[in-house]
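> Working from the sequences, and respecting the hints, build out all of it.
Note that the protein sequences, when read in sequence, are chains H and V. Residues in the first sequence are numbered consecutively from 74, following my numbering. Residues in the second sequence are numbered consecutively from 74, following my numbering.
The hints are all genuine.
Taking lysine-lysine pairs in the DSSO-like style, the calculated list, with each CA pair at most 30 angstroms apart, reads:
1) V/Lys131 with V/Lys231
2) H/Lys231 with H/Lys129
3) V/Lys231 with H/Lys400
4) V/Lys400 with H/Lys231
5) V/Lys184 with V/Lys362
6) V/Lys296 with H/Lys400
Listed next, with one range per pair, are the computed distances between beta-carbon atoms:
7) V/Glu116 with H/His153: 50 to 60 angstroms
8) V/Thr398 with H/Gly365: 30 to 40 angstroms
9) H/Leu337 with V/Gln321: 29 to 39 angstroms
10) V/Gln321 with H/Thr237: 31 to 41 angstroms
11) V/Glu116 with H/Met320: 29 to 39 angstroms
12) V/Pro395 with H/Gln321: 22 to 32 angstroms
13) V/Arg239 with H/Thr125: 48 to 58 angstroms
14) V/His153 with H/Met320: 34 to 44 angstroms
Source of the hints: derived by calculation from the structure; they are not laboratory data. Where is the CB? At the ideal position from N, CA and C, for every residue including glycine.
There are 2 protein chains.
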Amino acid sequence: MIGVVGGGAWGTALAQVYAQAGHDVLLWAREHEVIEAVNGAHENKIFLPGVTLDKKIKATADLSHMGEKQAILLVTPAQHVRHAMGVIGRWLPAGRPVVICAKGIELQSGKMLSDAALEEAPQAEIAVLTGPTFASEIVRGLPSAVTLAAGTMEAAEKICALLTSRNLRPYASDDLTGAQIGGAVKNVIAIACGIVAGKGLGESGRAALLTRGLAEIARLSEKLGARRETLMGMCGVGDLMLTCSSMQSRNYSLGFMLGQGRTLEQILGERKSVTEGVSTAQALMVMAKQHGIDMPVARAVCDIVTGESSIDAAISALLDRPLRTEKA
Amino acid sequence: MIGVVGGGAWGTALAQVYAQAGHDVLLWAREHEVIEAVNGAHENKIFLPGVTLDKKIKATADLSHMGEKQAILLVTPAQHVRHAMGVIGRWLPAGRPVVICAKGIELQSGKMLSDAALEEAPQAEIAVLTGPTFASEIVRGLPSAVTLAAGTMEAAEKICALLTSRNLRPYASDDLTGAQIGGAVKNVIAIACGIVAGKGLGESGRAALLTRGLAEIARLSEKLGARRETLMGMCGVGDLMLTCSSMQSRNYSLGFMLGQGRTLEQILGERKSVTEGVSTAQALMVMAKQHGIDMPVARAVCDIVTGESSIDAAISALLDRPLRTEKA
Chain H
74 MIGVVGGGAW GTALAQVYAQ AGHDVLLWAR EHEVIEAVNG AHENKIFLPG VTLDKKIKAT
134 ADLSHMGEKQ AILLVTPAQH VRHAMGVIGR WLPAGRPVVI CAKGIELQSG KMLSDAALEE
194 APQAEIAVLT GPTFASEIVR GLPSAVTLAA GTMEAAEKIC ALLTSRNLRP YASDDLTGAQ
254 IGGAVKNVIA IACGIVAGKG LGESGRAALL TRGLAEIARL SEKLGARRET LMGMCGVGDL
314 MLTCSSMQSR NYSLGFMLGQ GRTLEQILGE RKSVTEGVST AQALMVMAKQ HGIDMPVARA
374 VCDIVTGESS IDAAISALLD RPLRTEKA
Chain V
74 MIGVVGGGAW GTALAQVYAQ AGHDVLLWAR EHEVIEAVNG AHENKIFLPG VTLDKKIKAT
134 ADLSHMGEKQ AILLVTPAQH VRHAMGVIGR WLPAGRPVVI CAKGIELQSG KMLSDAALEE
194 APQAEIAVLT GPTFASEIVR GLPSAVTLAA GTMEAAEKIC ALLTSRNLRP YASDDLTGAQ
254 IGGAVKNVIA IACGIVAGKG LGESGRAALL TRGLAEIARL SEKLGARRET LMGMCGVGDL
314 MLTCSSMQSR NYSLGFMLGQ GRTLEQILGE RKSVTEGVST AQALMVMAKQ HGIDMPVARA
374 VCDIVTGESS IDAAISALLD RPLRTEKA
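See the structure below:
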């Protein structure tokens, strides 16, 4: 039996994937209307409408039974991971896998989500599931692959064996840091790519910007002890490619609308879901400063979303930077 | 003064970029109508219509003056690079830069284009210019960046200084092998991604396939002596991302139409330009066999374009492969 904490689109899609793979699934959701709709009409009408959910999914408002599950998937917004982990931690046995499926960096501390989670529940076996996935596709059974990273390869492989399904294939990794940095920062790079597309600057320029963004991710990851090769996988290049090229991405589409001249307040005001890149851009600046890493693309996004720079000024500044090597 | 050998869309766009940067440009084209249109109406009506070309571009049918230029850009189809180099080589002084802008692998030998070129004109300073660029965007002055690789960093930096323009920014590299393998193989991966999109298998699956394709490129490149980090740059991830996500790409759009059920003959019969991935897929199998590299995505594309496998059978075979690590 698998626990899923978070009844948004991705949490609901993961619940469906594992229910269809034969598991009983307990889905915790914050909103009462989600719980009622999942248990009654077998549909998450708010966050993933139009999909009939498997009856093996039971929704609940109570986190106290999560510790009894074989594995718990944590699918809250990134900034809620610490709090959710604190609550679950009260009932969590030692060594129980908790798989973080959120992507981001903690704003208050500049820490990775796995570190924040471990501070709240040090007895957990923390893992992350991350890669190029759109909930609306995965819930329909379309094929996908992700990186599943844990503290050791043994733990990662054990969790992979449990969380393999026909259409969601996890690759095991023991690079928790590399897996998380890629997934977090790509949301920021996606906002930048969206802006460039929204301004009509072309697909070539967007691809160049994505590539410079990947160089920033690589510099930061290496400084934090990750392996560069991890970024070549689903959690890095794969996720970056998907997020930076599709209007299905909340972050890319937010950037696109910014590029077309709308304000951040207008765009966010119309959304029910969190657009992670907005807070990650700011959290990233905390982290980059702590570690002395140059991240000009992320800095430009941060300046734009905080109102410190206009889009045109930020783009000019990026284009006028002197060229160094591709690694620098 | 710069020489450009090849009057297709990309050759014409490069001629325009460097003419606008202040260089006189001599553009060799195979087709008489291209030469007449460029010299008369200042437009390449066949391959890049709708763009008024700079008057500093002169078109010619005569290759014998190319050796007098400061640098020669070789922008023929990949399978014509050896022949063109043999002709130019007769008049080429020692150490003169010849920058290969084609992307592919020689079908007859399974060799990299730089190796084929050097066999024909060993006195040349061979370089490659490669990255995420659509001719139609670059010719309009939209921003872009590429990798410019040569045998030494000193040579690469010298050529970069000559070939820098306001909207086409080259990053210097001394990894000739890495720069070429990325650009060649991505055309094959793009066909695969197009097929998946044409079959309606979703953006998540396409991103996963691209990522597995990158792992194949990395395995082959490393075996050939390239550095893995080169693939993180414009010539690798950048180009792969652009080519695998846009209908502007000839290779991606060919795959897309195959995925929708059209035949290779129908699609190629309607095209004036070469779709490099079709021959590269076959050349790659020669190269992969020589070096003992497992390339299942490229193999699937090769089997599909040669008629040895149906699309559905090839996709099933890929999805049913046992998972190993992301590197393997």
